[in-house]
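Colleague: Take the sequence shown: its letter number 5 is residue 6 in the working numbering, and every next letter is one higher.
Hints may contain errors.
Unchecked claim - Restraint ranges, calculated between C-beta atoms of paired labels, are given here:
| id | residue 1 | residue 2 | range |
| --- | --- | --- | --- |
| 1 | G7 | R49 | 24 to 32 Å |
| 2 | R47 | R74 | 18 to 26 Å |
| 3 | S6 | E46 | 14 to 22 Å |
| 4 | E57 | E17 | 19 to 27 Å |
| 5 | S81 | E12 | 28 to 36 Å |
Since the hints were made in silico from the structure, they are not lab data.
None of the values given here were measured: they were computed from a predicted structure.
Each residue gets a CB set at the ideal place from its N, CA and C atoms; glycine is no exception.
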Amino acid sequence: MHAASGVRVTEIALAERAAFGPLRSSSDALLVVIEGGGWLAVADERQRVAVGESIEIPAGAERLLVTDGVPLRAIFIEFSFAPQLQEADAPNGSQAEE
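Produce the entire structure from the sequences given, and follow the hints as far as they go.
Modeller: This is the structure in structure tokens:
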């Protein structure tokens with residue numbers, strides 16, 4: 002779908018009773034379900050996913066996306082550089098405002 006420095010965006014479309022994976026990525030990722038639903042297994046945890054939900058997937062974790070009785074469409078966003086949010090000093094030495 003789209004790739005730029007530091008991020009890759011892919012649309013995933015699965016028919017009913019289909020699977021995508023298992024796969025691993027060296028990047029942190031975000032899965033956003035835009036249609037349908039199913040199950041997502043990340044490492045040893047399995048959870049139901051439905052339209053409108055977003056799920057964080059850590060780098061290196063094995064993932065498997067499976068549909069049940071309905072098709073599923075999702076946007077998969079991979080981040081090659083995902084810095085942690087932290088409070089930073091402003092250029093003049095004072096704390097940055099929120």
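Colleague: Decide, hint by hint, whether the structure agrees.
Modeller: Evaluation of the provided hints:
{"no.": "1", "hint": "G7 / R49: 24 to 32 Å", "result": "holds, 31 Å"}
{"no.": "2", "hint": "R47 / R74: 18 to 26 Å", "result": "holds, 20 Å"}
{"no.": "3", "hint": "S6 / E46: 14 to 22 Å", "result": "violated, 31 Å"}
{"no.": "4", "hint": "E57 / E17: 19 to 27 Å", "result": "holds, 26 Å"}
{"no.": "5", "hint": "S81 / E12: 28 to 36 Å", "result": "violated, 19 Å"}
Of the numbered hints given earlier, the model fails hints 3, 5; all others are met.
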